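Participant: Model the full structure from these sequences, guided by the hints.
These protein sequences, in sequence, are chains A and B.
According to this note's numbering, the stretch in the first sequence is residues 1 to 468, in order.
According to this note's numbering, the stretch in the second sequence is residues 1 to 468, in order.
Hints were generated in silico from the structure; no laboratory data involved.
Because the structure is a prediction, the values reported are computed rather than measured.
There may be inaccurate statements among the hints.
Each pair may be met inside one copy or between any two copies, as identical chains are not told apart.
[Said to hold, decoys possible] Below are the DSBU-like pairs computed for lysine-lysine, each with C-alpha atoms no more than 30 Å apart in a straight line:
#1 Lys67 <-> Lys177
#2 Lys348 <-> Lys104
#3 Lys461 <-> Lys193
#4 Lys30 <-> Lys248
There are 2 protein chains.
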Amino acid sequence: MAIRIDFTNMMAPGIPGGITEAEWASAAEKFADAHMHVVAEHSAGTLGFLDLPDDQALHGQVTGFVKEVRARTGADRVTDVVVLGIGGSALGPIALRTSLRAPKWNELDDAGRGGWPKLHVLDNVDPVTIEALLARLDPQHALFVVISKSGGTAETMAQYMIIRQWLEHSVGPEGAKRRLVLVTDPQKGALRKIAKAEGITALDIPANVGGRFSVLTPVGLLPAALMGVDTSALLDGAAEVRTRSASKELAKNIAGAYAVLQWLSDTAHGRHIHVLMPYSDPLRDMADWFVQLWAESLGKHRVPGDDGVGPTPFGALGATDQHSKVQLFMEGPMDKTISFIAVEEGGKDIEIPRLHADIPELAYLGGHHLGELLDVERRATAGALARRGRPNLTISIDRVDAHHVGGLMMLLEMATVYAGALYGVDPMNQPGVELGKNFTYAIMGRPDAEQARQEWNLLPKPDPRYSA
Amino acid sequence: MAIRIDFTNMMAPGIPGGITEAEWASAAEKFADAHMHVVAEHSAGTLGFLDLPDDQALHGQVTGFVKEVRARTGADRVTDVVVLGIGGSALGPIALRTSLRAPKWNELDDAGRGGWPKLHVLDNVDPVTIEALLARLDPQHALFVVISKSGGTAETMAQYMIIRQWLEHSVGPEGAKRRLVLVTDPQKGALRKIAKAEGITALDIPANVGGRFSVLTPVGLLPAALMGVDTSALLDGAAEVRTRSASKELAKNIAGAYAVLQWLSDTAHGRHIHVLMPYSDPLRDMADWFVQLWAESLGKHRVPGDDGVGPTPFGALGATDQHSKVQLFMEGPMDKTISFIAVEEGGKDIEIPRLHADIPELAYLGGHHLGELLDVERRATAGALARRGRPNLTISIDRVDAHHVGGLMMLLEMATVYAGALYGVDPMNQPGVELGKNFTYAIMGRPDAEQARQEWNLLPKPDPRYSA
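Facilitator: Next comes the structure, spelled out in structure tokens:
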């Protein structure tokens, strides 16, 4: 495997206002402290995602269940897998589908998918979407993967209750159980309780792995394996990057380097919007996955009542967003860093034919290749940003396969916990979403939400002066 | 139609640090100046998008061509429409497909689509994507819509050259021409030249309508009409909002109100990240369309060499992103405004069955409806943000149909030009992307790029000290 970061375009004096040699050297000391903190947290058992590449038992739950599913043939064959999940439970599976399966996987026929099932992800509660999906699914051939660590996620549980009834009406109570698999905490919560009481298969999310760090648990591995992805390669790639991100020496720690560059650019230079921009269609949903990881881990109070810290992660796609967001990156406020992802070996390329030789705006393209154009545009954009004093770096991977995708995800996860230590926040919690949840419970009439109901009633009411 | 904005949650003292009465009053004067500027620009002919709702001739080009395509039956029938376009040429068609056609349109069979074609959008040059699409398209039944205002967009022209050759090899030169329709400047550029020379159908993008404002030209209308969308209703909805956004009085101008609220929050209160968060799956791609509009129009220099202005637009989706981005909105830096989009009438709702009455975390959901949950979550999130002093507003529409979507798009387009006047930038240009294009031309060997080649050669080379 090769994953590399080139951050020449982050550094002064090449980039005026970039990171200086002195800042970088002093950040190495600061990083050693952050590293020590992360090691201590890991020893204390809070960073379970770091242990996932070695967790053969957990991986075995996935491969064992997939083997059982593959043995269902004929009238019992699974052609459509549906994930019920939200947040990390949806973003991980979606990113893996887009990056590691053929483009537009669900639009392909059975042969185009090599006999593997489609993967649908229900990540919202809009009735329009769910009704439309159920209208075209054959319950006989469907398998629903219900993912909630706590077992109490309102959106996922509402979906589950609807699906469960729909299944029972069409394939009967036992048929319904056989078409459900639950992915949840090993001990706690409603889903685990249901699994035990009713004998429904349930796979584990280790207690010390939070949703946005769960892609290498059954949350991501099960949907991926059901589509035929090589999950061992995902884990191996992650393990390799973990090794390369273990040192307390910044110069020998690739995830540390990414974290320090973003943190230093923000806190020392005001660049608090962190763009991730792969030049690769298969990686287009990786940016959304990263946005959750970075936003929910780092955006919070350091001490109760402070103004809050946390960079804003911003997803983009090259070359597409050169025609959407790059104008802002190039000439807007000096508040951004841009991280490109480059794929060195794009696979089979397509030659642009030599047509319209009489039209200069087109003729120059003839004889070049499409993947070459994509790569040239990335280099041109990085160069133009540098020329305009806009700091940027490039993460390069050899190719988009399970090994490199596993590595890339571990790189960004470890960078997140290092960044948490540098910013001085706990990357593992998300206290800010509790109030909204409690207001939802209050309005929906959950019995334990009396205090939230009182607080809700004190909010300002819509003021007719402030409407248009 | 009804489109309303409630901005109670933007205003002090309800929101500590919100916009004050005095600021709002004084902004009304500033808005009157901005309005005068926009009227003058319109009179000078630079804001062509404002005239599109009345342009029957242009709409007639679309309906006439669609009629001709619908008359192709049997061996000639069009089952797959493919847009070749990037930036506004892709984002508009994608947003219209997601909002106005059934969910996952391209995964439906012919009956599920009511006999209307699929719509594929090639918005990038990754060979993986194009190869996969061509492998499953039947050229006999395909129609390619090539969209480029200038006729020289490198990505789109490269796609076009590949598709043209592919078509000629499979259906012959005349068959190829019949399966191409070009959407471009009425007079200028390579595509117009090709259309004239070879007798290929071409539809107009008026010279004074730029890509990101082009959704109501054939750029958006043609793909929409080919999928069976009521384009007259789109235009009518846009016209209605245009009327409601025409007054110089801020209190009577809905697009003006949106623009002033965002601008004032940014320039007077440092809230320079502008989130757009629809609570509606059909509107999920509207945010990407808005991001281009706001970013490319407002992110630029006011005078050459200044540091650059422009808020960063940030797309989100409710309820989904409550599990991704809302933690950052709720507790991160005080640098954001959040604009929700609410849909008042969600259409047919789905009841959550009363299952698991013995499990309190689930039982409270039973008997409620899914659309109700979505709406409650939006209100709860807005309330929680307000309670935490985070300014937010809500745009409400009655339902997601062509009339309201046309209105919503006109609202955001007009808000963009008012915001341009308030920020003091020209919303119609995008000078920042030229350098990257010129570097691309230089590397690809376009003959007129000698100066860019020299500049390219002066850029810093990768420095091995700055790699990880």
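Participant: Each of the hints needs a verdict: does it hold here or not?
Facilitator: Evaluated hints:
no.: 1; hint: Lys67 <-> Lys177; in the structure: within (18 Å within a copy, 50 Å between copies)
no.: 2; hint: Lys348 <-> Lys104; in the structure: both (18 Å within a copy, 28 Å between copies)
no.: 3; hint: Lys461 <-> Lys193; in the structure: neither (40 Å within a copy, 59 Å between copies)
no.: 4; hint: Lys30 <-> Lys248; in the structure: within (10 Å within a copy, 55 Å between copies)
Hint check: a violation occurs at hint 3 only; the rest are consistent with the structure.
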